[in-house]
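Chains as they are written, first to last, in my numbering: chain A, 351 to 437; chain B, 159 to 504; chain C, 15 to 402.
Don't take each hint at face value.
Computed cross-link-like contacts, DMTMM-like style, restricted to lysine to aspartate or glutamate with a CA-CA straight-line distance of at most 25 Å [stated by the list, open to error]:
| no. | chain 1 | residue 1 | chain 2 | residue 2 |
| --- | --- | --- | --- | --- |
| 1 | A | Lys437 | B | Glu253 |
| 2 | B | Lys338 | C | Glu125 |
| 3 | A | Lys433 | B | Asp181 |
| 4 | A | Lys379 | A | Glu432 |
| 5 | C | Lys92 | C | Glu239 |
| 6 | A | Lys363 | A | Asp413 |
| 7 | B | Lys308 | C | Glu125 |
| 8 | A | Lys404 | B | Glu256 |
It is worth saying that the hints were derived from the structure and are not from the lab.
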Amino acid sequence: METAELKQQLKKKVIEFLNLTSLKPDDIKDEEPLFGEGLGLDSIDSLELIVLLKREYGITIQDPKEGRKILVDINTMVDYIEKHRTK
Amino acid sequence: MFYIHHTVCISPQHTFSTINIDDLVESAENKLNALEPAYSGVAPAMLRRMGKAVRIGVGAAMPLLANAPMPGGIILGTANGGMGESVKFLQQIVEYNEDMLTPGNFVQSTANATASQISLITGNKGYNTTHVHRGLAFENAMIDAAMMSKEHRETSYLLGGVDEISTYNYNIDYLEGLYKKEKISNKDLYNVNTVGTIAGEGAAMFLINSNAENALAKVQAVAAIHSADEEYITAQLQHFLHTHLPAGEEVDLLLSGENGDNRYIHFYEGCEQVAGDGLTVARFKHMCGEYPTAPAFALWLACVISGPSTLPSHMVKKASAKTEFKNVLIYNNYKGVQHGFILVRR
Amino acid sequence: MGVISAIGNNLAENHAALTAGKCGITTAGNFLSKYSGILPFGEVPVSTAALKEKLQAAEAGVTRTTLLALHAADEAIKHAGLTPQQLSSQQTALIGATTVGGMCLTDELYEDAHRTSGTSPYTSSYDCASVNMYLQQRFNITGIVNTINTACSSSANAIMYGARLIKNGLAKRAIVGGVDSLSKFTINGFNALHILSKQICTPFDENRQGLNLGEGAAFLVLEGEDDLAGKKVYAELTGYCNTNDAFHPSSLSDDGEGPYQAMMGALQCLPTGNNTIDFINAHGTGTENNDAVESRAMLRIFGSQVPPFASTKSNTGHTLGASGAIEAVYSILNLVHQEVYPGLHFTQPIAGTGLAPVEAYRKASLKNIMSNSFGFGGNCTSLIFSKS
Chain A
351 METAELKQQL KKKVIEFLNL TSLKPDDIKD EEPLFGEGLG LDSIDSLELI VLLKREYGIT
411 IQDPKEGRKI LVDINTMVDY IEKHRTK
Chain B
159 MFYIHHTVCI SPQHTFSTIN IDDLVESAEN KLNALEPAYS GVAPAMLRRM GKAVRIGVGA
219 AMPLLANAPM PGGIILGTAN GGMGESVKFL QQIVEYNEDM LTPGNFVQST ANATASQISL
279 ITGNKGYNTT HVHRGLAFEN AMIDAAMMSK EHRETSYLLG GVDEISTYNY NIDYLEGLYK
339 KEKISNKDLY NVNTVGTIAG EGAAMFLINS NAENALAKVQ AVAAIHSADE EYITAQLQHF
399 LHTHLPAGEE VDLLLSGENG DNRYIHFYEG CEQVAGDGLT VARFKHMCGE YPTAPAFALW
459 LACVISGPST LPSHMVKKAS AKTEFKNVLI YNNYKGVQHG FILVRR
Chain C
15 MGVISAIGNN LAENHAALTA GKCGITTAGN FLSKYSGILP FGEVPVSTAA LKEKLQAAEA
75 GVTRTTLLAL HAADEAIKHA GLTPQQLSSQ QTALIGATTV GGMCLTDELY EDAHRTSGTS
135 PYTSSYDCAS VNMYLQQRFN ITGIVNTINT ACSSSANAIM YGARLIKNGL AKRAIVGGVD
195 SLSKFTINGF NALHILSKQI CTPFDENRQG LNLGEGAAFL VLEGEDDLAG KKVYAELTGY
255 CNTNDAFHPS SLSDDGEGPY QAMMGALQCL PTGNNTIDFI NAHGTGTENN DAVESRAMLR
315 IFGSQVPPFA STKSNTGHTL GASGAIEAVY SILNLVHQEV YPGLHFTQPI AGTGLAPVEA
375 YRKASLKNIM SNSFGFGGNC TSLIFSKS
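Chain A extracted, bound-state conformation:
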């Protein structure tokens, strides 16, 4: 899958997983921080995104702290998915 397509797919999945009903994929910029400002997600969301990575892409992240280094923005997530996906 092309990177651009993966980014769109990931944005759709993030919106669905986190029930961000007020957002469409185009509302999320690739480089917008997921936590803190930007999307303003919190620690429970980070645990949910770790599950998303497992269920949708077969990637297992054991330590939530490690997860935060990957879950910076859509770019870092897609980068990690492309390198580590097993699905």
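Using the hints provided, position chains B and C relative to the given structure of chain A.
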């Protein structure tokens, strides 16, 4: 006990923002689902996580808290809490065989999720508790609120009752025989002689304190009783009224929790007999449906109905010559074993 | 008082275990879950069937949670010598607490939620109220009966509520407490939050990895000052406070404002001449968040004079809705026997706190003991028991 100063209700009827209880909203498939507003006072970031009970609970609390000084605490009653979220989490447990599950549903499924979300959104660090004793959850919350406002006379408290219909508790309660097996409209709820009732949901919130000035109503007394004995219940009601009705006064309006279930009608008829002569009897379950904290809806009604002109005709079981409703008695029972009396003075 | 936990089936057994520094957290795994036998839990080593038989609770739909509660309530009532007349008096309240209720029957719940035909003996067992509804019938309680669920602070709040009922003249005596049993539902919930430890928990240790779930129940019989004649009094509840941290649904704020306010509020109940705390039964779950925040709150209040403290969750695991009541009973045992019990599995203080729990059993002169319970939803409760 305490004075109610403001109240907001989200229910299956038009009880939020533009209030119109004269026009009865009809049930669908034996359920009365709450009419949910736009929740303009709640950030989408918080709303997205909430199950229905938390949403309607928070939605009813926010307008009360928006322009008021911070209450000293939040005291809620809910029997089922976030059961809808519980079953979503349960689905995950089964589907993924206990492996890697998302925690959002679990956190939102806890009974105290509504109270804690309200405190989170408003930054309220005061007393915070959730009573979950099924059909007397709201009555216990009232008793708690009464004690708090007596212990802290200068402080207001947020008191509320909320429960939701979720796929889970509807099915379980249906299996238990709580609901009608036959299709029925809420308009006909009291006209059939069968077992069961219809499901409902709602959230009613109240700002209360010890100050009589400008109050909407006073909660004079609350009793919470466990029994399946009609004679005991009617005797307790007589004692309750004798103790708490001011000398020489009578009950003007009985808000009865009669719910169309012919197994429990005898309790309601028994209480009608002893509540007094010449009073108006009105029913409310056809408006909100049956759920454990339905008495909270009745308390909201007691705050908005002042006399015969504001009492919708569809509620009236027995009319009377009363021109105003000063003393309102709410009697409700849940499954014929938990009984609550609430005496309200306007 | 009455108690059942991973370290004993009654008051005497729990006392002996605490004194000996016994740990009841194991990977014994006698319940249904993928994690049974793998993760450590503070299981009560008595089967549900054995409890049913011992307590003669043959009714269909009685859950393990109810059985544990019945076991402890029964002991407390006998210990207090309450007569049937006193039990069934309208002046006797029963205030319980649980977060699990009948959800210990996780598989049955799933089945019934989807069942389209047939019947089930459990349809009125799943909610939190089912426990106290059973106890109300069993003991013929006609006074105020209530169930509280505020996550991990539930039974501490139940104790506080019962005390206030007596203080406000709504009851003369209150049987108060709480229970929780191990359930697939809560195990998976906590696991999804990544706060379960794969090892035995190490409260207040720098390298703590999380909590171990436990189960159990405890009940206490509270009576007012005016009704004490001729009765043995074990302790007095002299301070209590409940607040909300209002920071996050499942973790405490860095500065621990909720725990701080709860502890300060409880302290403010004490008379100025007698307001030193001699020991704290800390909430101390062993999670990174709780123990750091609780430490900071204790330092904020007590400065360089933090009283001796320990977490008995290192003996029993985190018993959730039961923890407030179980730890109240343990605090009262401290007072009655004038001794402190060691906090287990501790090696090294949390960096920057310099705080270490009591590490060995010793006799001590104790007047006031504080017991803390901090739950999900920011619900923080602090109780103070004093020697009477």
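Structure-based check of all given hints:
| no. | hint | in the structure |
| --- | --- | --- |
| 1 | Lys437(A) with Glu253(B) | holds, 19 Å |
| 2 | Lys338(B) with Glu125(C) | holds, 22 Å |
| 3 | Lys433(A) with Asp181(B) | violated, 61 Å |
| 4 | Lys379(A) with Glu432(A) | holds, 19 Å |
| 5 | Lys92(C) with Glu239(C) | holds, 20 Å |
| 6 | Lys363(A) with Asp413(A) | holds, 22 Å |
| 7 | Lys308(B) with Glu125(C) | violated, 46 Å |
| 8 | Lys404(A) with Glu256(B) | holds, 14 Å |
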